[in-house]
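**Q** Please build the complete structure, drawing on both the sequences and the hints.
Chain residues, written in single-letter form:
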Amino acid sequence: MNTFMGYPRPDGRAGVRNHVLILPSVACVNGPVDAIARAVPGVVPLYHGLGCGRSGSDSHLHARVLTNLGTNPNVAAVLVIGLGCEGIQGDRLAKAIAQSGKPVEFLNVQTDGGSRQVVEKGTAIARKMLDDATRAERVPCGMDKLVLGLQCGGSDALSGVTANPAVGLLTDWLAAEGGTALLTEVTEMIGTAHILERRGATPEIGRQVKELIDKQEAKTKEILGERAGVVISPGNMDGGMSTIREKSLGCICKAGSGPITQVVGYGEVPTETGLVIMDGPGYDIDSMTGIVASGANVMVFTTGRGTPAGYPIVPVIKVSSNTKTFLAMPDDIDVNAGRILEGATLQDVGDELIALTQTVADGQAPKAEAQQFDGAISILCTQTSF
Amino acid sequence: MATPKYIHINDKDNAVIALAGLKKGEVLEVDGEAITARDDIPQSHKMAIADIPEGAPVIKYGEEIGKAGTDIKKGDWVHAHNIAGSTNLQKVVDDRFAQNTGKGAAK
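Note that the protein sequences, when read in sequence, are chains A and B.
Going by the working numbering, 270 is the number at position 270 of the first sequence; the sequence numbering is gapless.
Counting from 1 along the second sequence, just add 1000 to a position and that's the residue number in the working numbering.
It should be emphasised that the hints constitute simulated quantities derived from the structure, not laboratory data.
Careful: at least some of the hints might be erroneous.
Unchecked claim - Below are the DSS-like pairs computed for lysine-lysine, each with C-alpha atoms no more than 30 Å apart in a straight line:
hint, chain 1, residue 1, chain 2, residue 2
1, B, 1024, B, 1067
2, B, 1067, A, 221
3, B, 1012, B, 1023
4, A, 324, B, 1005
5, A, 210, B, 1005
Claimed, not checked - Not everything, but these chain A residues come out facing chain B in the computed CB check (under 10 Å):
hint, residue
6, 160
7, 239
8, 245
Only a predicted model underlies this, so the values are computations on that prediction, with no experimental measurement involved.
In this text, a Cβ means the ideal position worked out from N, Cα and C, and glycines have one as well.
**A** What follows is the structure, encoded as structure tokens:
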């Protein structure tokens, strides 16, 4: 089996990075979290806008997502900063993350002496965690520990012709190595339910896939009416896409050709390896959070128009569908799948992606990570706030 | 390296992607067969490489992407105008706007 140089975790997973995370349980404490992060360069603050004021289902969803962001294998240790009166209680969040076996500490602004003291105590804790994390050494880890998030955004007509099929080769390679790939963006599967259903490893998984996509299509119909199944955006149509199924077929190329082994909820950690479908939205930034909470340790992001978006704890490899975008955004795109239009084969680009994914897993930073293009994260909300 | 003029994604596909676009009358050799473009085909749009009768599937990625809304001839530009039920989101938005404002109602 091929290996990468990573960081094994007590829960059996392995990271490709060794971050110390400063995690606010609620947006109200983003300030103290920021102060700790500025005092201890090298730790990663995970600013978000949630943690309170949400109805039951979103509250449960967000508790799961925040917990699983903390348990992500790229995270070595977590300092949870709570407020005290928030919906998602910091102490419970810290306990839930600690079940993964990694070091977790917790401070509460309302009961641990207020912001200044929490920042002082938190700075000392964060510094100690960072010292410990810095001492950890990479060891060979089986490729079965690699969990690849599949993302596309700012797609164009070539995304489904060059970049996504090349990523599909990467997905097939990783599945054959025993690893995991996470396909999501269910809105971009509309029209392909019958195709993806056939790819279920069992009839039951196939049924779950179909149900997931049908549900999304029904939701879209509520907004767009009966034409939801045939409607695509003006930009897509100008680019040569004629139907939503054509667009979706181009999107799901990222998933290669193997069987679907499991369907999981947004930010839920799969128990199976291979190709897993995660229930997530089309909006890139929400989607990426779900992918990371579901345990991705590397992400590959295809784009037609180009985007600088990275993610705080997971390296994101950018793949452009065309050379024009590759040249227009030289500091953002790692791989140019547009060279397929200049004579390279799909396999050439697939091989480039397979090689780069392994070096990124070993520690090399792709462009978005090298420039720390992350910052605030966004988490899916299905309902309004109170 | 030579720049290919088209991509035939899957052997089953009855339409190919004109990577740089094609002028009406331009001849494209697809899998050994010379096919003449019967329309101007914009960049990255599709050209039929077989006759597709009305109601028959238009195939790309080896799968049906829609049904021919009219008889499509080999060499035709294949897009919203000849695929049944294909709708541009802009039209939906325009129609809804027209319904909501009572102005410029779409016929």
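**Q** Next, verify each hint and record whether it holds.
**A** So, going through the hints one by one against the coordinates:
Simply put, residue 1024 (chain B) and residue 1067 (chain B) have alpha-carbon atoms about 24 Å apart, close enough for the 30 Å limit, and the pair holds. A threshold of 30 Å between alpha carbons decides the hint, and for residue 1067 (chain B) with residue 221 (chain A) the separation of about 21 Å falls inside it, so the pair holds. Proximity of residue 1012 (chain B) to residue 1023 (chain B) is assessed by CA-CA distance (about 25 Å); at most 30 Å being required, the pair is judged to hold. Using a Cα cut-off of 30 Å, the hinted pair residue 324 (chain A) and residue 1005 (chain B) holds, with the two alpha carbons roughly 17 Å apart.
At most 30 Å may separate the alpha-carbon atoms for a hinted pair to count; residue 210 (chain A) and residue 1005 (chain B) exceed this at roughly 36 Å. Here the hint on residue 160 (chain A) is kept, as its CB sits about 8 Å from the closest CB of chain B, short of 10 Å. At its closest, the beta carbon of residue 239 (chain A) sits 6 Å from a beta carbon of chain B; the interface hint therefore holds under the 10 Å criterion. Checking residue 245 (chain A) against chain B by beta carbon gives a least distance of about 5 Å; that is within 10 Å, so the hint holds.
Consistency with the previously given hints fails for number 5 only.
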